[in-house]
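Number of protein chains: 2
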Amino acid sequence: MRMAELSERSGIPVPTIKYYLREGVLPRGERTGRSQARYGVEHLRRLRLVRALTDVGGLSIAAVREILASVDSPEPTAHELLGRTLEDVTPLTRRFGDADESDAERAAELVGRRAWCVPNEQRALTDLAEVLSAFRRVGHPVDEAMLDGYAAAVERIARVDLDFVGGVTETDEILERAVVGTVLGDALLAVLRRLAQTGESARRSGASADGR
Amino acid sequence: MRMAELSERSGIPVPTIKYYLREGVLPRGERTGRSQARYGVEHLRRLRLVRALTDVGGLSIAAVREILASVDSPEPTAHELLGRTLEDVTPLTRRFGDADESDAERAAELVGRRAWCVPNEQRALTDLAEVLSAFRRVGHPVDEAMLDGYAAAVERIARVDLDFVGGVTETDEILERAVVGTVLGDALLAVLRRLAQTGESARRSGASADGR
DNA sequence: CTAATATGGATACTAGTAGTATCCAAAAGA
DNA sequence: TCTTTTGGATACTACTAGTATCCATATTAG
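Residue numbers (this note's numbering), protein chains in the order written: chain Z, 1 to 212; chain G, 1 to 212.
Worth double-checking, as some hints may not be accurate.
[Said to hold, decoys possible] Below, a sample of chain G positions facing chain Z; criterion: calculated Cβ distance under 7 Å:
| id | residue |
| --- | --- |
| 1 | Leu-44 |
| 2 | Trp-116 |
| 3 | Thr-198 |
It is worth saying that the hints were derived from the structure and are not from the lab. C-beta atoms are modelled at their ideal positions from N, C-alpha and C, and glycine is treated no differently.
Kindly produce the complete structure, drawing on both the sequences and the hints.
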């Protein structure tokens, strides 16, 4: 198909598609002449992925480019690449402030306690310390019970996530699922969490007062 | 204290503080003359909250303004206000595309199954439908098992969240905790999830291959 | 008490992001 | 053949989150 059709089928205006080509989040079409190119369903698919990552996942175009570069890289071992992909997703979503020393210790301690055997120096570990510091700086530190409660919950989530990724066999499919599962999964969890909060809140106040 | 001290103690440049005053995310100081004002620790505190919400929570200044307006509003019943606060947080974090009819049904069905007794028309419900649609549009629909797994996990999280909010008694403290717990909590969960994923991934591949 | 400096507030300017719009030579179609 | 349409390059725009400048008051050092 040519660009007009790609635009119509995806619902994305032609100038925006051209912008995505410029920014490298959409690969160039197959050239069929000096000033003509052809696009396939894979372009349509990629376009939908880009919009999902930006609109729902809240990622910037630059972040999407980095992640997709990792997805497209022709590395051999899928599992190794999967690890890198998952790691790549985090730093691009957000930048935190610096962490306190004690929070870094707490982070390491939790990971040890949970046997999450994180490699020597993973981004997520320092990110955890930074988020804990942010809680403390605003005067509402996270206590041990809360941290352990969250940890137990995310372990369950991680099992679901790995099942999701494992539900497919081709390497590039696995990687795409890892990205989608991680980025859209965060959005899904956030919205489910709001719903569960209202439910739990109603349940607790229901005994004494009205349920809102 | 005067603005220079507020700036020094918070680490935020004076022009940025002035910007926050303009944007209404930081209340004006107490006026002590025609062109002079005094700030207190509550301003320092608010400043830290604003930075936590923008830097760690990824919210825009406009979103922070809306949320803080809700926190500052002097409503009577804390629990009612708590509900509104939690609801207010979602729409401002992100805007999704339109949802499919079938996904709206699935969302409603899940909420019913889980007895999350959500009011007639809550934002989070349509948001859920929209996220489910996003998954489907990129070709990786969420299956029932995954949805239920997530649901069970967030119920646990919601209990922890309500304990966190309940751990304090003053009305404005409760509201601030609800905001912090929701916004920073999303960031905390996201980073814990990455760690748990690596852990689970290592555990699963450990039986057959190396643990990365 | 006066002169130098600092402050609060208003207005103007800037860098970065995510697009839009315009232009043009080379295809494609009537 | 002659009119569209296309792909690509370049230029422009709207919005966000600050920065910088200005100036009439305050404050403070001498």
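Any hints from earlier that this structure breaks? Give me their numbers in increasing order, please. Failing hint: just 1.
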